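Novice: Single-letter residue listing:
Protein chains: 2
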Amino acid sequence: MGADYPTTDRNVPTRNPGRAHYDRTTVHAILDSGFLCHLGFVRDGAPVVLPTMYVRHGEQIYLHGSTGSRPMLAGRGEEGLPVCVTVTHVDALVLARSAMHHSLNYRSVMVHGTARAVTDTDHKAAVLDALVERVAPGRSQDIRPADARELAATALLRLELAEVSAKVREGGPNDDEEDLGLPHWSGIVPVRTVHGAPEPAADLDPSIPVPAYLDDLDRTLRTAAGR
Amino acid sequence: MGADYPTTDRNVPTRNPGRAHYDRTTVHAILDSGFLCHLGFVRDGAPVVLPTMYVRHGEQIYLHGSTGSRPMLAGRGEEGLPVCVTVTHVDALVLARSAMHHSLNYRSVMVHGTARAVTDTDHKAAVLDALVERVAPGRSQDIRPADARELAATALLRLELAEVSAKVREGGPNDDEEDLGLPHWSGIVPVRTVHGAPEPAADLDPSIPVPAYLDDLDRTLRTAAGR
Chain A
1 MGADYPTTDR NVPTRNPGRA HYDRTTVHAI LDSGFLCHLG FVRDGAPVVL PTMYVRHGEQ
61 IYLHGSTGSR PMLAGRGEEG LPVCVTVTHV DALVLARSAM HHSLNYRSVM VHGTARAVTD
121 TDHKAAVLDA LVERVAPGRS QDIRPADARE LAATALLRLE LAEVSAKVRE GGPNDDEEDL
181 GLPHWSGIVP VRTVHGAPEP AADLDPSIPV PAYLDDLDRT LRTAAGR
Chain B
1 MGADYPTTDR NVPTRNPGRA HYDRTTVHAI LDSGFLCHLG FVRDGAPVVL PTMYVRHGEQ
61 IYLHGSTGSR PMLAGRGEEG LPVCVTVTHV DALVLARSAM HHSLNYRSVM VHGTARAVTD
121 TDHKAAVLDA LVERVAPGRS QDIRPADARE LAATALLRLE LAEVSAKVRE GGPNDDEEDL
181 GLPHWSGIVP VRTVHGAPEP AADLDPSIPV PAYLDDLDRT LRTAAGR
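Chains as they are written, first to last, in the UniProt record's numbering: chain A, 1 to 227; chain B, 1 to 227.
These are computed hints drawn from the structure, not numbers from a lab. Keep in mind that this is a model prediction, so the values were computed, not measured. Ideal placement from N, C-alpha and C gives every residue a C-beta, glycine not left out. Possibly wrong hints are sitting among the right ones.
[Unchecked claim] Sample of chain A residues lacking proximity to chain B, with all beta carbon distances greater than 12 Å (derived): (1) Gly2; (2) Asp4; (3) Ala29; (4) Gln60; (5) Arg76; (6) Arg116; (7) Val118; (8) Asp122; (9) Ala125; (10) Asp176; (11) Pro198; (12) Glu199; (13) Pro209.
[As the list claims (entries may be wrong)] One-sided excerpt, in silico: chain A residues whose CB lies under 10 Å from chain B: (14) Gly65; (15) Ser140; (16) Arg144; (17) Leu161; (18) Leu182; (19) Pro190.
Work out the full structure: start from the sequences and follow the hints.
Specialist: The following block contains the structure:
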């Protein structure tokens with residue numbers, strides 16, 4: 001998978017640096033387990049954090065927006081848009097014997113960099129397909145593709161995976177030695193994201209069955225079992 | 001619940017303004033359905049987005065960190081730390097007949113403002129309890145409370161709910177009229193966050209049973225049923 005991502009003064013956490021990871025395998029796996037990121041940028045000197053759909057392809061992530069939205073407009077400029085993109089999956093509640101050691105098991109990735117608009121129409125069409133596939137594998141072959149007008153109204157930002165870090169907490173509570181004899185239960189409660197049964201649109205022809213690829217959705221859960 | 005939050009030039013979305021809500025009931029319900037936010041701030045002119053635990057109390061939200069972390073240090077200054085806090089719950093995949101109308105059902109809240117450190121020890125202890133209760137109701141009565149040293153090592157930021165907006169998408173796909181006859185399935189796939197069975201710590205005395213309040217956890221799921 002290539003060399004690790006380099007460490008910089010802004011991707012080494014000040015807290016729990018032992019939980020930080022810079023290898024591509026870990027980073028890619030976390031990014032590929034989700035489709036919603038939180039996109040941070042600066043507007044008039046103040047921070048803004050927008051929930052945004054994304055998909056990774058190689059060493060790029062692509063962010064989905066509409067042409068009228070603020071970050072998408074800014075990304076079209078020559079200088080691009082400085083961003084921080086963060087993806088977080090919660091895997092468990094960590095319930096320790098002491099209030100202080102309560103925690104969460106989680107996997108997160110933070111990407112710093114400059115986002116730039118994708119302008120090539122074929123490239124946009126391919127990214128839109130990848131976004132649909134990420135959410136529901138198989139779906140991109142069972143839809144009407146975007147036409148030229150729709151592609152023009154779709155804004156996509158591209159961000160290179162260059163300054164990247166992952167942070168992972170796993171395992172049980174880290175109780176203090178002197179608390180081990182206390183009478184309180186200690187352990188973890190797994191947290192999982194699951195898909196419910198598909199619900200057809202009100203205007204759907206009832207002779208159209210639920211597609212088989214939707215039966216496979218549970219294999220694409222964004223929370224890894226066993227963490 | 002009091003008057004709506006005021007609209008400002010930065011809490012009215014440029015896209016789909018019809019999905020925006022400013023009433024306290026909607027905003028509080030979304031905030032109270034979660035415990036993980038994404039905290040955005042500016043460092044050396046660039047955006048940073050950190051996954052962070054939070055809890056709402058009245059018209060304040062409290063953010064949890066450690067005394068050494070960057071935003072917590074900055075929040076101790078007289079001027080506080082300008083932040084944007086965003087909370088997002090994904091409720092469903094929205095699968096339309098066209099690529100373009102694929103979407104997500106979600107509920108999100110965005111809070112802009114200046115975060116300030118909580119310094120009073122009793123206040124900190126009360127907020128820590130509230131954080132534990134939010135994650136596992138009943139738990140704060142079944143732990144060793146934080147002592148003075150632990151409270152000193154805990155940093156909490158407070159942010160007033162003043163410049164706030166919610167954004168909600170619900171319902172089925174919005175297919176174009178001319179796509180309604182296409183042979184593609186259309187509808188939603190619910191997405192839910194669920195708790196697994198509690199797993200005791202390796203060092204737990206096996207005579208200590210799983211507490212009854214953990215059986216109630218599923219009532220506290222952060223994803224509302226039926227959305």
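Novice: When the structure is checked against the list of hints, which entries are broken? Sort them ascending.
Specialist: 9, 10, 11, 12, 13, 17
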